[in-house]
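There are 4 protein chains.
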Amino acid sequence: MGRLSDSYDPGPQVAQCGAINLGTKDLVASLHFFSDLLGMEIVERAGDTAYLRGNQELTHHSLVLTQQAESIVNSYSFRVKRPQDVELFAEELERQEIEAVEVPSGAESGRGTAVRFLLPGGGHPFELYYDIEKPLAVPELRSTLPSNSSKRRGLGVRRIDHFNIQTSRETINQAESWVRETLGFNRREYALHRDDTTVLASWMSVTPQVHDLAIVANTFGKTGQLHHVAFNLENLHDVLTAADILRDYDVTFDLGPGKHGIGQAMYLYVIDPGSGHRVEIYAGGYLIFDPDWEAIKWEREQFPDGLTWYGDPFVYKGDARSLETTPSAGLR
Amino acid sequence: MGRLSDSYDPGPQVAQCGAINLGTKDLVASLHFFSDLLGMEIVERAGDTAYLRGNQELTHHSLVLTQQAESIVNSYSFRVKRPQDVELFAEELERQEIEAVEVPSGAESGRGTAVRFLLPGGGHPFELYYDIEKPLAVPELRSTLPSNSSKRRGLGVRRIDHFNIQTSRETINQAESWVRETLGFNRREYALHRDDTTVLASWMSVTPQVHDLAIVANTFGKTGQLHHVAFNLENLHDVLTAADILRDYDVTFDLGPGKHGIGQAMYLYVIDPGSGHRVEIYAGGYLIFDPDWEAIKWEREQFPDGLTWYGDPFVYKGDARSLETTPSAGLR
Amino acid sequence: MGRLSDSYDPGPQVAQCGAINLGTKDLVASLHFFSDLLGMEIVERAGDTAYLRGNQELTHHSLVLTQQAESIVNSYSFRVKRPQDVELFAEELERQEIEAVEVPSGAESGRGTAVRFLLPGGGHPFELYYDIEKPLAVPELRSTLPSNSSKRRGLGVRRIDHFNIQTSRETINQAESWVRETLGFNRREYALHRDDTTVLASWMSVTPQVHDLAIVANTFGKTGQLHHVAFNLENLHDVLTAADILRDYDVTFDLGPGKHGIGQAMYLYVIDPGSGHRVEIYAGGYLIFDPDWEAIKWEREQFPDGLTWYGDPFVYKGDARSLETTPSAGLR
Amino acid sequence: MGRLSDSYDPGPQVAQCGAINLGTKDLVASLHFFSDLLGMEIVERAGDTAYLRGNQELTHHSLVLTQQAESIVNSYSFRVKRPQDVELFAEELERQEIEAVEVPSGAESGRGTAVRFLLPGGGHPFELYYDIEKPLAVPELRSTLPSNSSKRRGLGVRRIDHFNIQTSRETINQAESWVRETLGFNRREYALHRDDTTVLASWMSVTPQVHDLAIVANTFGKTGQLHHVAFNLENLHDVLTAADILRDYDVTFDLGPGKHGIGQAMYLYVIDPGSGHRVEIYAGGYLIFDPDWEAIKWEREQFPDGLTWYGDPFVYKGDARSLETTPSAGLR
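Chains as they are written, first to last, in numbering that gives the first Met the number 0: chain B, 0 to 331; chain F, 0 to 331; chain G, 0 to 331; chain H, 0 to 331.
For the record, the hints were derived by calculation from the structure and aren't laboratory data. Fair warning: this is a prediction, and the values are worked out from it, not measured in the lab. A portion of the hints provided could be inaccurate.
In this list, chains with the same sequence are indistinguishable; a pair is considered to hold if it fits within one copy or across any two.
Subject to a maximum C-alpha distance of 25 angstroms in a straight line, what follows is the list of computed DSS-like cross-link-like pairs (lysine-lysine) [claimed, not checked]:
no., residue 1, residue 2
1, 296, 133
2, 296, 150
3, 296, 80
4, 24, 296
5, 133, 80
6, 221, 24
7, 150, 133
8, 133, 24
9, 221, 150
Using the sequences and the hints given, assemble the complete structure.
What follows is the structure, encoded as structure tokens:
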């Protein structure tokens, strides 16, 4: 039967949230934040670009920091399940008449060919790739545990967790549907606008995580926005330790720590001092193994519980800080 | 493309480790252990049988306790991905000339039709099912969070995590291969016998967990053995709290707490006072999202680190306690 | 020298924060809260009164719940260092012409004779006692550890931690000074009113804890008020677990979880559903062993950091919830 | 009364466990261990000597590392309660005809005059001092919190916790009695030898901690031995994180992590790679506020529970590793 199922083709699939490429006006400050404080390994440094990963990521990088004039997101990258899926997705984009460009192998160090396009309805530059190197860390950082690429340091970031992106209310349904229908994401939890039709927020995944990608309606009608990229710690307690240390290093807190009802994970939103992008320090949450999971719909009256089950609460009106977002690069 | 891929058939697949049916000589003592101490919800009680689940399981049960003369494992159940997969697996078993019986809907309360067979090379009674009810808890136990079936209580067991089963050295390679080739499990970490051919232990999964199922060579040459069934807590710290409380309630400790190098999770092995089966209280560990994950091979000299990275160590020779196992029921 | 120092008399001293006697309109609801949820042991139940203790308290009780028409605090009790200190304090009160009454042995079950008086400048009914029984828990609750009076249960309350009491701005300096000068408390951290003379808040202790007693100026000019009584858990993480569970049991949250800069402990303020008194679930913080500790003065601009280092923040203006307090009984 | 009690003299008293001066053959390796890994601040470096403190210690140092040919303990220092107590203790030593020397101010940087003598029955070089500077950390390490001397770094060592010293069975009763009678320590928990008279181990404190000093009978009849010096972390979980990191940095584990029944704290014993001295990473435990605390006596059959309540167990016979100790310097 194993052989039998090999003859079937399930079509191209996304395997995971792979990497984010963040433009930063101050690479030194961003590296201090992500490497010295959060504990990510600098795998490679090439001119104005640095490649980092968490200590449980064997692949070359999950974060690219690029020194540039604008603090924008250069790309959101997803890894696909099979080598042929990059090409199969490219064909599907063509079929749907979505403009795409090929990003050559090595454009991001260690990574193979990718296909790049703008999320329909969102405008975010998405990249899909399969091939990526798995380099060993330098000996003094290498872990004794073969499942860890480097020793735990700093706040102990293990891996990238998810992206939270925003688009305007007018196009959010298009973007959210496209992600589910073409990229194969499953809606796990969601809330609708007052009209009971327009998506307010949707948490979606291709893995048992509650979300690898969230799409949220932007309050100010902007498209192509990043709300935050999340990095994963192991325990709820680790988020408290992170809060303690980041406060004392004068890192700007946006919100948290607290625990979401949606996804049930601990959150702490801080601002990368170099780039101004919002970063979520994230731990815990439940996993979904049910093949017949029904997406949880959050009604308006319960929604505050969903945003904050306990801890520093989202302030819905008045404080605009948590509503700020950062823009993305275009197709080329 | 979504529609396109629907026309493909990937063949039957296992979705998750679903439930275990444990025979117990003392149902009252087992219920005290699993419900009062570990915090699992008793969803249904029918005569000599009780159905339990963790507080993040929406399905009817992940644990069945059956009062009976022998403390054996009545079944290891796996949930499949699609309704038709039960029948497709049944056909595959027939093709392979593996004897199987149909377990009618309701034989385990809340569950649909299952197919039952003995693991080739292992002899463990495996059951595959898809349909299972998702009942609400009684109002006083129901959680406000829609992703939790009940309020957190006791030690906070969230869900079943994995099975660790044993068979003789003579047949372990057959069993381990079959699980991978027919059930589609991926080998994640493993160790081989001195001959560099015979599996000593293999950790396998159909999910991003390092293992949903482990198969280990039995020291005494027995087949059809359970080493332990694991239940999941959220944080490493929760295992310490569990240890503190279970010690004070005179629950027999087999091993732990400690942290495995293999899988990187915290462990605590205790004995259910009612049934004598070994139960692992389990938290943490890393997740595998890499589609090209290469199974980690543990060489003999590093293997002790794999078993115990820190904490109460496995004693390889001398102390036979951690080597004890419990047998399984036959096909009917 | 041991013998030599025995001939000296250091005068009467307070040993610790001993117990609080809370009036409650709904004893059943209060017992559910403190015993079933928080995990305190009900040592004795006598008519409308229940005596409770944490699982690391060997003495008879640290909490008395009394069913009565008014949800007021009946007494704040402190244990003195030596048997003769009760009488020595009584003499000192007389010398200072502070009215006091003798509370006979057994008035609170298990406790010896106490002296009762109203805090000068505060009006809170303070009681000083030395003798108190150390009963064993009933066998099924008794811990194997001799330093624990009962097994850990519920949220794992170990012991009473401190009182936070309020009085009017006009008399707070009198109250705070009296506590230091007569009862021998040490000021550990404090903040002054705009006039740089009037105490806004003062954290004081007779132990190495940062505070066994805090006195705060009441926003509404009330005297004899309780802001909260705190109970101690072992780890910061335990406060998160408490928050998770108390939220799901619909216990009203006042504030938290979060971490104070003052004292560096984790806080969660909730309302006892039976009595309406505010209870702090408290863990962590630093200990003071320096004999020449200089009280830390919090200036206005840093004070918000002192109240909330991270987590759910104190809202200074607007939200009156966190400013509510409960009154105290009179002298008799 | 405040004034009244000022006229009494309670005699000299010890305030706390102050500092340890460890000889090390490899200062660089010891500094890497204590500063880079454990997170202690190097307050001052003078030639072959370095002064360190935890991030909740405001005083100049709690650890002195001295590069020298022998890895011995140069001194165990205790801080006294009042300035005059150094002289008063010196007089008492003279009265008891115990030889003592004056250690001049500045002999340890930042510290005032101390009196040095050998513990009667133990031979350990004890020093008593009062004056010690409280320098600010350099700006880049300084904490925003006034109760912290520096930002939390590394494993987060907060402060020195206690000494565990050993002497021969012949003289242990003399040493233990002297510490209680002359230095005023209180016995909190203890175990006796088979003869029910000779102390096997005694945990004693001048603070509410279960022990600031433990004295244990040395298995090999040696005197003047250090078993370990303990440094304090805040949470049980922090000890797990420490274990994870120290294992990966190849620090030699002696024992742990685990939880003592005696004192109820989490332990992890490791070996300083520079000096070879044993260091305990320590968190949690109960505090004693009872003025009439009765020392807990551990009988032989419960003693294993006292040593290890859960976790990596003390091995009583066979493994000599945990029995190794390091010697102390003489009087001059």
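Check each numbered hint against the structure and report the violated ones by number, ascending.
4, 8, 9
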